[in-house]
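**Student:** Line by line, the protein sequences are chains A and B. Here the first sequence is numbered in the working numbering, starting from 1 and rising by one per residue. Here the second sequence is numbered in the working numbering, starting from 1 and rising by one per residue.
Hints are not guaranteed to be accurate.
Said to hold, decoys possible - Covered stretches of chain B (chain A as the covering partner; in silico rule of three or more C-beta atoms under 8 angstroms from a C-beta of chain A):
| no. | stretch |
| --- | --- |
| 1 | 31 to 40 |
| 2 | 83 to 94 |
| 3 | 101 to 111 |
| 4 | 123 to 129 |
Stated by the list, open to error - Here are some chain B residues pointing at chain A (derived, C-beta under 7 angstroms):
| no. | residue |
| --- | --- |
| 5 | SER14 |
| 6 | ALA57 |
| 7 | TYR60 |
Claimed, not checked - With a straight-line Cα cutoff of 25 angstroms, these simulated DMTMM-like cross-link-like pairs (lysine to aspartate or glutamate) come out:
| no. | chain 1 | residue 1 | chain 2 | residue 2 |
| --- | --- | --- | --- | --- |
| 8 | B | LYS100 | A | ASP60 |
| 9 | A | LYS127 | A | ASP60 |
| 10 | A | LYS55 | B | ASP58 |
| 11 | A | LYS127 | B | ASP58 |
Hint data in this document are derived by calculation from the structure and do not stem from the laboratory. Glycine residues also receive a C-beta, built at the ideal position from the N, C-alpha and C atoms.
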Amino acid sequence: MASGGSGVYRTPLSRARGMGAAKSGVGRFIGERVTSVALVFLVIWAVSSALTLSKSGYADAAHWLGSPINAALLTLLVIVGFFHMRVGMSVIIEDYIGKPVTRAALLLANAFACWGAMALTVICILKVALTGGGL
Amino acid sequence: MAQASPGARPRPLSPHLMNWRWHVTMAASIFTRVSGGALYVGMFLLTGWTLALVSGADAYGVYMGLLGSWLGQLVLFGFTAAIFYHLAGGLRHLAWDIGKGWSKEAASISAWMSIAFAILASLIVWGMATMGVH
């Protein structure tokens, strides 16, 4: 246990420093699971779509993204995927990086990268879906 | 364990790769994390794809050419394997979350199944891609 052996001599403060409630994390735990379940379906769809798109050219790809169903599912994949990525990478950073400043910097960089890429990718999808392609 | 000292004391860190005796469940756990890391990088390929699509036919052709090169195909195969492994690993975790599959035997079996699934599914998908089956 993180509290160490000689529990008798520990003050309530020292116990709290080592074992206190994190006050957050339940939301992240649930978010990780909800996104996992969604991604099971989205990823299977994405792999089969990638298979279809792998042999098609620009016009076919733009047309594919012009379908509201495809655009919606790809947008969901991107939003849910980048959210799941941010949570997962946060866990890795918190597991292995002990130095507070380095840890905070990496967590911040992780959040910026994931939220930034999510926004950029969604905008690209919408631009093609709304201005190009058929249907 | 670090002794209590005034003020902040070193926080406990998770064990690293080196601290484990090899077992398939340990390998499966590490693969889940490593494949997640690979997917983290790989997702930016999707961002690149949408950027190429937005940029027009020429840029799209260049991007698909890069993905079609031997290096691109190698990366994409690894990406596929990471997707399928992480999918299987995620399903194992979801099963554990509802209290299923905790026995040592079940954990070992599902670990081997995840590895087998990742290899088989990747080969099937790439077989379909190269043979033009969609």
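**Student:** Confirm or reject each hint.
**Tutor:** Status of each hint after checking the structure:
{"no.": "1", "hint": "31 to 40", "in the structure": "holds (count 5)"}
{"no.": "2", "hint": "83 to 94", "in the structure": "holds (count 6)"}
{"no.": "3", "hint": "101 to 111", "in the structure": "violated (count 0)"}
{"no.": "4", "hint": "123 to 129", "in the structure": "holds (count 3)"}
{"no.": "5", "hint": "SER14", "in the structure": "holds (4 angstroms)"}
{"no.": "6", "hint": "ALA57", "in the structure": "holds (4 angstroms)"}
{"no.": "7", "hint": "TYR60", "in the structure": "holds (4 angstroms)"}
{"no.": "8", "hint": "B:LYS100 - A:ASP60", "in the structure": "violated (44 angstroms)"}
{"no.": "9", "hint": "A:LYS127 - A:ASP60", "in the structure": "holds (16 angstroms)"}
{"no.": "10", "hint": "A:LYS55 - B:ASP58", "in the structure": "holds (16 angstroms)"}
{"no.": "11", "hint": "A:LYS127 - B:ASP58", "in the structure": "holds (17 angstroms)"}
Hint compliance for this structure: hints 3, 8 are not met, and every other hint is.
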